[in-house]
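**Q** Dock chains B and C against the given chain A, drawing on the hints supplied.
Chains as they are written, first to last, in the working numbering: chain A, 117 to 462; chain B, 117 to 462; chain C, 117 to 462.
Just so you know, not all the hints are guaranteed correct.
One copy or two, either will do: identical chains are not told apart, so a pair holds if it fits within one copy or between any two.
[Claimed, not checked] Taking lysine-lysine pairs in the BS3-like style, the calculated list, with each CA pair at most 27 Å apart, reads:
hint, residue 1, residue 2
1, Lys330, Lys420
2, Lys330, Lys119
3, Lys415, Lys425
4, Lys119, Lys286
Keep in mind that the hints were calculated from the coordinates and are not lab data.
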Amino acid sequence: MPKERIEEEGISPKEKVGRLIENLGPISNTIQYSWFIEMAQKLLDFNGDTIDSSNWESFYDDAEQKMSADNWTETVFSKSRLESVFLTNDFDDPLEGFDSTKYIPCLRTDDLVFHLSDARTKMRLYEATNIEVSDVKSAREAIGKLFDHFTRRNAKACAISLPPTFAPTKVSDARADTALANIFAHGPSADEDDQRAVSNFIFWTLAENCQSYKLPFDLMIGVNRKVFPAGVYQGQDLYDSRVSLIQYKDLLNAFPDVTFPISVLASVTNQELVSYSWIFPNVIGYYSDMYKMEFALPKFAMYKRILAKVLAENFVIDRNWSEESAIELGTQLLRGNVETIFSVGK
Amino acid sequence: MPKERIEEEGISPKEKVGRLIENLGPISNTIQYSWFIEMAQKLLDFNGDTIDSSNWESFYDDAEQKMSADNWTETVFSKSRLESVFLTNDFDDPLEGFDSTKYIPCLRTDDLVFHLSDARTKMRLYEATNIEVSDVKSAREAIGKLFDHFTRRNAKACAISLPPTFAPTKVSDARADTALANIFAHGPSADEDDQRAVSNFIFWTLAENCQSYKLPFDLMIGVNRKVFPAGVYQGQDLYDSRVSLIQYKDLLNAFPDVTFPISVLASVTNQELVSYSWIFPNVIGYYSDMYKMEFALPKFAMYKRILAKVLAENFVIDRNWSEESAIELGTQLLRGNVETIFSVGK
Amino acid sequence: MPKERIEEEGISPKEKVGRLIENLGPISNTIQYSWFIEMAQKLLDFNGDTIDSSNWESFYDDAEQKMSADNWTETVFSKSRLESVFLTNDFDDPLEGFDSTKYIPCLRTDDLVFHLSDARTKMRLYEATNIEVSDVKSAREAIGKLFDHFTRRNAKACAISLPPTFAPTKVSDARADTALANIFAHGPSADEDDQRAVSNFIFWTLAENCQSYKLPFDLMIGVNRKVFPAGVYQGQDLYDSRVSLIQYKDLLNAFPDVTFPISVLASVTNQELVSYSWIFPNVIGYYSDMYKMEFALPKFAMYKRILAKVLAENFVIDRNWSEESAIELGTQLLRGNVETIFSVGK
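Extracted from the complex, chain A is given alone in its bound form (with noise of 0.2 Å):
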């Protein structure tokens, strides 16, 4: 189905659900559409396992009414198990009106470190900051300010997706000043080598302030962007495998006291995470994300099994552990881990 069918403008929820839900069948094989049905099942009390136009409609005006009462966040955070969630905020949220200890920041800071040289980065950064960017000195200040400003309001991580040719590397000063003045002049169009050298300049200032604030800085390595770019919102993406963790080595011995948690996109690379983690004290491989609340109980439900039978086969049965130790260690992953690198739940 096309993005133009999906994306119409002026069409009803409704009329977006029906027409979604006519083609669903290429997918009714996917972990995803799993998630949907153990969503309408966990959350929305449906009975089956399927949903499709035989009985979609009732669905969702069943659905509706649920998720239009005013505790339905309550409902799925208590159905859910859910204490709190990890939020990525654009640099320039002002984090107010809700709970930050609820709903916990994080500073995402993408836009930063690669559209800086976008005329509506710079003016949302002066917004943010009240500070005119030119040069390393006020760059540094402002992304100062940012950290004071999360930070207050409760903020446990700086997060970032990096594109798989990324190779963070420290860069001086003085080619720092040149870089933010090239690309202040000539915007987007700048020369590639200074819009490198910004991205260098604006990501190691972020470790150095993730050391400061004493925050884990989030990287999630690989992401390529706008692949499809005629796929619907956040259907575009997609990466390229041939990345290796060494790109980082600089990174990960200059900051030892940052903990970096680090996801990867291709399966492939999980080996190198694994080895990386084993040898960096500062590297914790790392699982996320979901883009709507209602996904968490599914997708640690699935998470949830895929352990259960990795500590029953690998440990129970292959190395003998005992079920308790088994059960205490997925703990810790699911639950410890969390609450020591990121200081929250204890």
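**A** What follows is chains B and C alone, placed relative to chain A:
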């Protein structure tokens, strides 16, 4: 065993088989050996689990007799439950003398894309189309003629195998004209840039014709040819697992109406293939191929056993699917998709 | 725990072990910890499943006593059912004072290939061969002398570990002469092109000697050295999974008579290793290594458990092999291949 012993000129088929059998020990643990035994059992009524120096000769004589029968092909089709097979035909194949609904032609285009600088290829193209290719215009005409000829003879796909470094891109007509002139002037020793421009131009033109003629374009991505030149025929090629489908981003976006059944050589590219076919509606993951008609039975039997295991474990057990639904999905993969994608068999 | 605590000068072995044990919690779920426990149980009669702060001291005292016994090595050999072990010896090792049929020498060549520009390496080569290396001729002589010395002392292989970017190629004598002159003139700061030419020349010369002396050439492909310089000894290296055996195409074709036992670091390269050893008769997939003699027992026990599972599931169950045939294949992998490839043990 050296190639010279296997491909020695003048030896009889029986002598060749004898030499092979005497040296089959080291590969008796491979899946290919198990195919050989399964072919012997199912197609040639062999009783036993091993063919070696003690029993090969009587098996050979028996096989020779059975395979000499006029209706041997019918026997293989019937025992293997084959209705038709997809060929890959040289672009100058007259496609005559066979039933093209049973042996379905496909236009194999490696030579056109990668060896047009070879005088022999140019000559073959002239003989096949009566067009002397010298520039963009004549190249387009000649390729159009090939598609016309192939589709009239029931061709159901255009196909090509691609080296891991290939990253198709559209080149301008002017650039292509220069490049064509240079490769025809200098042959295989022409400048690499010109050779690459020609490859890109021809490849893109093939895709354009796939669009016009509504043919899928089969891509086998990642082959390195003649890595071991001392190997026997079809035993010289290998691959480089450092390849990414991101190399095909421009192509996949430029031809949304062309279906691209893609197969990859390295299992580490499988996750990318799944992800790209999840995002791009025109990408299909696809499993190829067989050198001899007799391979179909054991190779598909292996595929079906693996598929059955996946359906049982990951769908029926893990996701509570009914056995009927799992079998339906398997049938769609094995048969339904082929019918839809290649417009055959129904 | 920082390196300084573990490698602090002057602390007693018992103090070091105490510090390690107190910090072993975070790795108690690793396979390495399970090896440690298995060694304790099988080699040192430890009763129990955990060694921690509550019981390490008495275990340490008991182990120290057992390991001080004159016949400790015999005990390890006998309990581990080892007949002999393959060493990797520095090129200037005199290879004296041990039974070289029990401790089989191998010529380790990393320093020669990658650090010949280091004055210390050149001096060691002079001391080992009495040849002052300055050009192609003297380098060939010196390397020939090393092979002569090693093979006289029962060496069974030449061995090297290689960074992921290495792609061996033959260089002309003239080029090698220039490059050798330059690296001896400028040392480790010599031009990178010259360093690479020397590495290629030495590496190729080693392969030539392997051919003359009929020695296998063990290649461990993909190691990045000192990625985490703050790590403990043997805890600093990592790898880059972006490597392909296609880089070794020229080498494998140039030396059809040399056996290349190849091990790769990243599991994602395993399929390539299998494919290359399927096509190239001189490529052998190979599993390495142990830092201490005591590692043999648990590491091979792990290997044998995995092998047993594969044989049971993929051969006996999936392919209807008899258990006897499966055990025969396992025995060939574990023992027969070693005997054939390295001409030992029979």
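**Q** For every hint, state whether the structure bears it out.
**A** Here is what the structure says about each hint:
In this assembly of identical chains, the alpha carbons of Lys330 and Lys420 never lie at most 27 Å apart, being 30 Å within a copy and 45 Å across copies at closest. For the identical chains of this complex, Lys330 and Lys119 are inter-copy neighbours only, at 22 Å across copies versus 43 Å inside a copy, given an alpha-carbon limit of 27 Å. Proximity of Lys415 to Lys425 under the C-alpha cut-off of 27 Å is found in both arrangements, the shortest distances being 16 Å within a copy and 24 Å between copies. When the C-alpha separation of Lys119 and Lys286 is checked against a cutoff of 27 Å, the pair qualifies only between copies, where the shortest distance is 25 Å, while the shortest distance within a copy is 41 Å.
Comparing the model with each numbered hint stated earlier shows that hint 1 is the single one that does not hold.
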